[in-house]
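Novice: So the chains spell out like this:
Protein chains: 2
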Amino acid sequence: MRPLYVYNSLSRQRELFEPLEEGHIGLYVCGPTVYSDVHLGNCRTFTSFDIIYRYLLHLGYKVRYVRNITDVGHLEGDVDVGGEDKISKKARLDKLEPMEVVQKYANGFHEMMSVFNNKPPSIEPRATGHIIEQIDMIQKILDNGYAYIKNGSVYFDTPKFIADGNPYGKLSGRVVEDLLQESRDNLKGQDEKNNPSDFALWIQADERHLMRWPSPWSVGFPGWHLECSAMSTKYLGPHFDIHGGGTDLKFPHHENECAQNLGACKESPAKYWLHTNMLLLNGKKMSKSDGNSVTPGQLFTGESDHLTKGYDPMVVRFFMLQAHYRSTLDLTDDALLAAEKGYRRLMEGYHTLDSLSGSNTGNASALDQEIVSLIESTYEDMSDDFNTPKALARLFELVTKINGLKGGQLKLADVQAETIDKLKETYSAFLFDIFGLKDESSEGDSNVVDGLMQLIIDLRKEARSNKDWNTADKIRDTLSELSLQLKDGKDGTTWSKI
Amino acid sequence: MRPLYVYNSLSRQRELFEPLEEGHIGLYVCGPTVYSDVHLGNCRTFTSFDIIYRYLLHLGYKVRYVRNITDVGHLEGDVDVGGEDKISKKARLDKLEPMEVVQKYANGFHEMMSVFNNKPPSIEPRATGHIIEQIDMIQKILDNGYAYIKNGSVYFDTPKFIADGNPYGKLSGRVVEDLLQESRDNLKGQDEKNNPSDFALWIQADERHLMRWPSPWSVGFPGWHLECSAMSTKYLGPHFDIHGGGTDLKFPHHENECAQNLGACKESPAKYWLHTNMLLLNGKKMSKSDGNSVTPGQLFTGESDHLTKGYDPMVVRFFMLQAHYRSTLDLTDDALLAAEKGYRRLMEGYHTLDSLSGSNTGNASALDQEIVSLIESTYEDMSDDFNTPKALARLFELVTKINGLKGGQLKLADVQAETIDKLKETYSAFLFDIFGLKDESSEGDSNVVDGLMQLIIDLRKEARSNKDWNTADKIRDTLSELSLQLKDGKDGTTWSKI
Numbered sequence: 001m002r003p004l005y006v007y008n009s010l011s012r013q014r015e016l017f018e019p020l021e022e023g024h025i026g027l028y029v030c031g032p033t034v035y036s037d038v039h040l041g042n043c044r045t046f047t048s049f050d051i052i053y054r055y056l057l058h059l060g061y062k063v064r065y066v067r068n069i070t071d072v073g074h075l076e077g078d079v080d081v082g083g084e085d086k087i088s089k090k091a092r093l094d095k096l097e098p099m100e101v102v103q104k105y106a107n108g109f110h111e112m113m114s115v116f117n118n119k120p121p122s123i124e125p126r127a128t129g130h131i132i133e134q135i136d137m138i139q140k141i142l143d144n145g146y147a148y149i150k151n152g153s154v155y156f157d158t159p160k161f162i163a164d165g166n167p168y169g170k171l172s173g174r175v176v177e178d179l180l181q182e183s184r185d186n187l188k189g190q191d192e193k194n195n196p197s198d199f200a201l202w203i204q205a206d207e208r209h210l211m212r213w214p215s216p217w218s219v220g221f222p223g224w225h226l227e228c229s230a231m232s233t234k235y236l237g238p239h240f241d242i243h244g245g246g247t248d249l250k251f252p253h254h255e256n257e258c259a260q261n262l263g264a265c266k267e268s269p270a271k272y273w274l275h276t277n278m279l280l281l282n283g284k285k286m287s288k289s290d291g292n293s294v295t296p297g298q299l300f301t302g303e304s305d306h307l308t309k310g311y312d313p314m315v316v317r318f319f320m321l322q323a324h325y326r327s328t329l330d331l332t333d334d335a336l337l338a339a340e341k342g343y344r345r346l347m348e349g350y351h352t353l354d355s356l357s358g359s360n361t362g363n364a365s366a367l368d369q370e371i372v373s374l375i376e377s378t379y380e381d382m383s384d385d386f387n388t389p390k391a392l393a394r395l396f397e398l399v400t401k402i403n404g405l406k407g408g409q410l411k412l413a414d415v416q417a418e419t420i421d422k423l424k425e426t427y428s429a430f431l432f433d434i435f436g437l438k439d440e441s442s443e444g445d446s447n448v449v450d451g452l453m454q455l456i457i458d459l460r461k462e463a464r465s466n467k468d469w470n471t472a473d474k475i476r477d478t479l480s481e482l483s484l485q486l487k488d489g490k491d492g493t494t495w496s497k498i
Numbered sequence: 001m002r003p004l005y006v007y008n009s010l011s012r013q014r015e016l017f018e019p020l021e022e023g024h025i026g027l028y029v030c031g032p033t034v035y036s037d038v039h040l041g042n043c044r045t046f047t048s049f050d051i052i053y054r055y056l057l058h059l060g061y062k063v064r065y066v067r068n069i070t071d072v073g074h075l076e077g078d079v080d081v082g083g084e085d086k087i088s089k090k091a092r093l094d095k096l097e098p099m100e101v102v103q104k105y106a107n108g109f110h111e112m113m114s115v116f117n118n119k120p121p122s123i124e125p126r127a128t129g130h131i132i133e134q135i136d137m138i139q140k141i142l143d144n145g146y147a148y149i150k151n152g153s154v155y156f157d158t159p160k161f162i163a164d165g166n167p168y169g170k171l172s173g174r175v176v177e178d179l180l181q182e183s184r185d186n187l188k189g190q191d192e193k194n195n196p197s198d199f200a201l202w203i204q205a206d207e208r209h210l211m212r213w214p215s216p217w218s219v220g221f222p223g224w225h226l227e228c229s230a231m232s233t234k235y236l237g238p239h240f241d242i243h244g245g246g247t248d249l250k251f252p253h254h255e256n257e258c259a260q261n262l263g264a265c266k267e268s269p270a271k272y273w274l275h276t277n278m279l280l281l282n283g284k285k286m287s288k289s290d291g292n293s294v295t296p297g298q299l300f301t302g303e304s305d306h307l308t309k310g311y312d313p314m315v316v317r318f319f320m321l322q323a324h325y326r327s328t329l330d331l332t333d334d335a336l337l338a339a340e341k342g343y344r345r346l347m348e349g350y351h352t353l354d355s356l357s358g359s360n361t362g363n364a365s366a367l368d369q370e371i372v373s374l375i376e377s378t379y380e381d382m383s384d385d386f387n388t389p390k391a392l393a394r395l396f397e398l399v400t401k402i403n404g405l406k407g408g409q410l411k412l413a414d415v416q417a418e419t420i421d422k423l424k425e426t427y428s429a430f431l432f433d434i435f436g437l438k439d440e441s442s443e444g445d446s447n448v449v450d451g452l453m454q455l456i457i458d459l460r461k462e463a464r465s466n467k468d469w470n471t472a473d474k475i476r477d478t479l480s481e482l483s484l485q486l487k488d489g490k491d492g493t494t495w496s497k498i
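Top to bottom, those sequences are chains E and B. Take the working numbering: the final residue in the first sequence is number 498, and no numbers are missing along the way. Take the working numbering: the final residue in the second sequence is number 498, and no numbers are missing along the way.
What the hints contain is simulated information worked out from the structure, not anything from laboratory work. You may find that some hints are simply not true.
Identical copies look the same in the list; a pair holds intra-copy or inter-copy alike.
[Stated by the list, open to error] Cross-link-like lysine-lysine pairs, in silico, DSS-like; alpha carbons within 25 Å at most:
no., residue 1, residue 2
1, Lys-193, Lys-309
2, Lys-62, Lys-104
3, Lys-150, Lys-104
4, Lys-474, Lys-487
5, Lys-62, Lys-288
6, Lys-170, Lys-422
7, Lys-474, Lys-271
8, Lys-234, Lys-140
9, Lys-234, Lys-401
10, Lys-150, Lys-288
11, Lys-104, Lys-309
12, Lys-390, Lys-104
13, Lys-411, Lys-193
14, Lys-341, Lys-461
15, Lys-104, Lys-119
16, Lys-284, Lys-309
17, Lys-250, Lys-160
18, Lys-490, Lys-160
19, Lys-422, Lys-474
20, Lys-422, Lys-150
21, Lys-160, Lys-170
22, Lys-193, Lys-234
23, Lys-474, Lys-461
24, Lys-170, Lys-474
25, Lys-285, Lys-411
Since the model is a prediction, treat every value here as computed from it, not as a measurement.
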């Protein structure tokens with residue numbers, strides 16, 4: 001299998017990827033909290049991991065991809081301890097059953113993932129569906145001495161964990177001494193935790209709390225950090241290959257996951273940690289309250305002050321591919337307009353390539369070697385920590401070759417038939433299988449449109465040969481109104497959308 | 001609110017529907033078991049309940065529609081007690097985690113529901129996500145004395161339940177004495193249950209069983225019947241309005257649900273029980289083993305010996321509407337061909353109606369009264385136990401009126417503008433909101449196709465006026481190859497798909 005390098009947040013280094021079990025990969029990605037519509041920033045995260053998942057599959061790995069749905073216990077910071085979580089709050093306001101809210105937004109999330117052409121994960125476990133597993137894990141942490149019970153709630157004991165030599169702070173790069181010092185400084189007595197750096201594993205529910213389950217400690221609900229530890233352990237084992245998520249989850253969520261897994265199973269959960277970076281809007285962090293925000297829906301319809309028009313979801317996906325997943329990505333209308341052109345150029349390259357066929361079975365020319373080398377480089381870039389912008393740049397170099405071959409500036413006779421086949425295979429694999437783009441021009445009534453356009457091209461040709469310029473003009477004008485254009489070439493007339 | 005009558009399987013009578021809480025309806029429907037692709041018969045069941053759900057919403061009810069996903073513990077009859085259920089068996093064969101199998105088929109199920117344009121339920125709970133609730137319900141049944149423990153498994157005690165005067169057999173119409181006699185006759189000693197009519201609430205798992213949870217009785221898994229009792233109670237309360245499902249679930253599944261709810265909560269779960277009838281293929285029960293079977297996918301592609309061609313999902317939905325949900329429905333190729341014509345006629349009626357506008361504000365004519373009365377009858381039929389075939393027949397009577405008004409055989413001046421508006425509103429509500437049909441002609445590149453067709457119609461007209469029969473023939477032949485046909489009328493030429 002082709003060597004793959006990934007940047008591991010845990011070691012802060014680019015490392016050769018070596019799966020724990022040959023040919024198999026366990027991949028866990030923190031999924032959405034379903035109490036509101038999915039944020040565009042989350043769409044970027046999940047699309048980045050979709051491309052990673054697709055590339056791992058393309059390389060030939062058998063991947064078990066687990067992405068959870070957080071439908072309970074997502075506390076807004078530790079201030080909320082003992083209070084209600086976001087989901088129940090919303091449910092009460094709407095006079096809805098919490099699960100009804102969860103269902104609505106989970107459905108919306110799935111639809112959006114489908115619009116972005118993200119593959120569904122192998123398993124999509126829900127926090128509420130794994131209360132028993134979470135209770136079981138808390139019990140193990142208690143048994144190992146890394147948690148304590150206070151008034152029916154259970155807290156992770158960070159100083160005890162650190163005192164035993166465990167690496168709390170390793171993933172997020174926090175200095176343990178600072179964390180503890182901060183803890184002591186901030187402890188003001190109004191909190192039932194022993195230390196501010198401690199965190200809830202189980203929270204006793206008050207009477208008004210709608211989502212609640214019995215446990216050995218109280219009727220309550222699990223702490224947010226716990227679900228990912230319990231579900232990754234259940235479906236991938238206590239130690240698996242890759243854990244992913246947005247960079248904002250590094251601390252405290254992922255740090256606490258590490259602590260919980262070590263505390264319960266004495267193993268660090270993942271060998272490689274991958275973190276995606278933020279999506280900005282016009283250079284600034286998105287924020288609903290100050291108006292610097294755009295929803296996926298607005299992006300598609302164009303109904304936003306930040307946009308001059310709506311964009312196809314595949315244009316947005318292409319736009320996301322233009323940045324490396326570990327870099328911030330700045331969404332602007334100009335960048336989307338440019339992405340739209342880029343996406344079309346890439347797709348036109350596909351169609352042009354499709355119309356080429358090689359016949360040369362002789363020696364490889366310099367051009368042939370150049371194409372073979374570009375194909376290889378595309379793979380190398382993608383195998384270098386999933387560098388989509390670089391791989392994309394290679395594909396555009398290939399588009400130049402493809403157009404040259406089609407236009408006659410480059411000679412098809414200089415390229416071996418085998419190389420043309422390999423180029424077709426690679427080009428199509430990157431566009432559709434790996435990058436997960438869809439060819440929008442091939443959707444819907446396209447066969448009918450193709451058929452009608454061929455008829456119209458024939459009728460126009462006949463009109464022109466009869467010097468019937470009125471008819472030829474009428475055809476051109478009507479097509480133009482429908483945003484269609486004809487292009488006459490030496491091989492006949494072709495058409496495209498404007 | 002308009003009065004609604006439903007046939008209640010529990011009373012075996014048509015009853016006036018009276019919700020338990022004014023304006024609100026709790027609706028529970030037994031969902032799919034996700035260990036294989038969804039069966040076409042199940043698609044009929046879920047489509048029938050989708051239409052019922054849509055009509056209840058249309059009438060103005062606030063409906064909480066719960067449809068579960070069975071992802072564990074679906075035993076194949078009581079013979080399998082203590083053994084593995086279908087899902088784990090499949091998982092072992094594929095060397096998959098059971099939840100991976102579940103995810104795959106749950107995704108497939110959701111896609112198929114979407115293809116049939118069925119609305120998602122308000123809540124779609126999973127059996128594995130409600131183990132705690134099931135354990136809790138078993139404990140209540142034990143506490144009430146209607147269950148016993150044997151070797152770590154828990155069984156419902158049917159003779160005890162019956163002896164206490166509970167109505168076991170009421171829903172399915174079985175005679176209690178026969179059930180008990182049968183029980184005594186069939187008890188052969190190799191079963192750990194006390195009576196064959198007893199059924200499992202909790203089953204101790206053997207070592208090889210993959211899906212297992214801790215419980216007060218053993219590490220095991222819940223019996224299949226239990227999940228629906230636990231989840232309907234959790235989300236709709238112990239007594240709710242409507243419980244639905246396929247007629248094949250009446251016994252033992254629904255009978256046992258009634259027993260469990262009574263045994264745990266001393267209340268019968270639902271006020272009204274609605275059961276959908278079977279889908280036959282060519283007059284016989286569908287069966288994979290004897291080849292008398294067709295999958296939804298085959299229905300759409302036509303790749304089956306039973307079909308001459310593929311059918312649009314909306315044609316299949318229309319076909320289902322042509323039978324009452326309590327009648328068997330016989331799927332044949334001829335019936336689908338007829339449904340295709342019917343569906344198109346209904347949709348054409350919609351477009352024709354859309355082009356009509358009334359201006360009469362004077363007195364109502366006989367024709368006007370006839371239309372008003374047909375509108376009223378459509379609602380009456382639908383309110384009579386959701387009689388879709390009758391309501392559909394009324395709509396076709398309205399299509400005749402619509403076409404008459406368009407063609408001039410009936411006078412638009414005889415119909416009040418208000419009536420035309422009401423007709424438009426009702427017609428559209430039934431087609432799209434209540435029957436859940438989609439107008440396939442309005443999908444995809446239809447604007448482009450319309451534009452191109454208009455251009456072609458113009459070019460043909462010109463060719464004909466120039467007596468250029470070659471061009472006119474070429475146009476007709478090419479369109480025919482694309483399954484498009486032209487129709488010349490006094491108002492010009494129109495086109496349609498063949």
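Novice: All hints are to be evaluated individually against the structure, with a verdict given for each.
Specialist: Okay, the hints, checked on the actual structure:
1. Proximity of Lys-193 and Lys-309 under a CA criterion of 25 Å is satisfied in neither setting, with 51 Å inside one chain copy and 68 Å between copies.
2. Only between protomers do Lys-62 and Lys-104 lie at most 25 Å apart by alpha-carbon distance; the minimum there is 15 Å, versus 32 Å within a single protomer.
3. With identical chains, the CA atoms of Lys-150 and Lys-104 are never at most 25 Å apart, being 35 Å at best within one copy and 42 Å at best between copies.
4. In this homomeric assembly, Lys-474 and Lys-487 come within 25 Å of each other (Cα to Cα) both inside a single copy, at 16 Å, and across copies, at 23 Å.
5. For the identical chains of this complex, Lys-62 and Lys-288 are neighbours neither inside a copy (40 Å) nor across copies (31 Å), given an alpha-carbon limit of 25 Å.
6. For the homomeric pair Lys-170 and Lys-422, neither the shortest alpha-carbon distance inside one copy (44 Å) nor that between copies (69 Å) is at most 25 Å.
7. With identical chains, the CA atoms of Lys-474 and Lys-271 are never at most 25 Å apart, being 65 Å at best within one copy and 67 Å at best between copies.
8. Proximity of Lys-234 and Lys-140 under a CA criterion of 25 Å is satisfied intra-copy only: 14 Å inside one chain copy versus 29 Å between copies.
9. With identical chains, the CA atoms of Lys-234 and Lys-401 are never at most 25 Å apart, being 49 Å at best within one copy and 63 Å at best between copies.
10. In the homo-oligomer, the alpha carbons of Lys-150 and Lys-288 never lie at most 25 Å apart, since the shortest distance is 37 Å inside one protomer and 59 Å across protomers.
11. Taking identical chains as interchangeable, the C-alpha atoms of Lys-104 and Lys-309 are never at most 25 Å apart, the minima being 28 Å within one chain and 37 Å between chains.
12. In this homomeric assembly, Lys-390 and Lys-104 never come within 25 Å of each other (Cα to Cα): the closest approach is 38 Å inside a single copy and 34 Å across copies.
13. Taking the shortest Cα distances, Lys-411 and Lys-193 never come within 25 Å of each other, neither inside one copy (74 Å) nor across copies (81 Å).
14. For the homomeric pair Lys-341 and Lys-461, neither the shortest alpha-carbon distance inside one copy (29 Å) nor that between copies (38 Å) is at most 25 Å.
15. For the identical chains of this complex, Lys-104 and Lys-119 are neighbours both inside a copy (20 Å) and across copies (11 Å), given an alpha-carbon limit of 25 Å.
16. Taking the shortest Cα distances, Lys-284 and Lys-309 sit within 25 Å of each other inside one copy (21 Å), while across copies they are farther apart (55 Å).
17. In this homomeric assembly, Lys-250 and Lys-160 come within 25 Å of each other (Cα to Cα) only inside a single copy, at 21 Å, whereas the closest approach across copies is 57 Å.
18. Taking the shortest alpha-carbon separations for Lys-490 and Lys-160, neither the intra-copy value of 79 Å nor the inter-copy value of 89 Å comes in at or below 25 Å.
19. With identical chains, the CA atoms of Lys-422 and Lys-474 are never at most 25 Å apart, being 43 Å at best within one copy and 40 Å at best between copies.
20. In this assembly of identical chains, the alpha carbons of Lys-422 and Lys-150 never lie at most 25 Å apart, being 64 Å within a copy and 65 Å across copies at closest.
21. Taking the closest pair of Cα atoms, Lys-160 and Lys-170 come within 25 Å of each other only inside a single copy of the chain (16 Å); across copies the shortest separation is 61 Å, beyond that limit.
22. Proximity of Lys-193 to Lys-234 under the C-alpha cut-off of 25 Å is found in neither arrangement, the shortest distances being 28 Å within a copy and 33 Å between copies.
23. Taking the shortest alpha-carbon separations for Lys-474 and Lys-461, both the intra-copy value of 13 Å and the inter-copy value of 14 Å come in at or below 25 Å.
24. For the homomeric pair Lys-170 and Lys-474, neither the shortest alpha-carbon distance inside one copy (69 Å) nor that between copies (75 Å) is at most 25 Å.
25. Neither within a single protomer nor between protomers do Lys-285 and Lys-411 lie at most 25 Å apart by alpha-carbon distance, with minima of 49 Å and 63 Å respectively.
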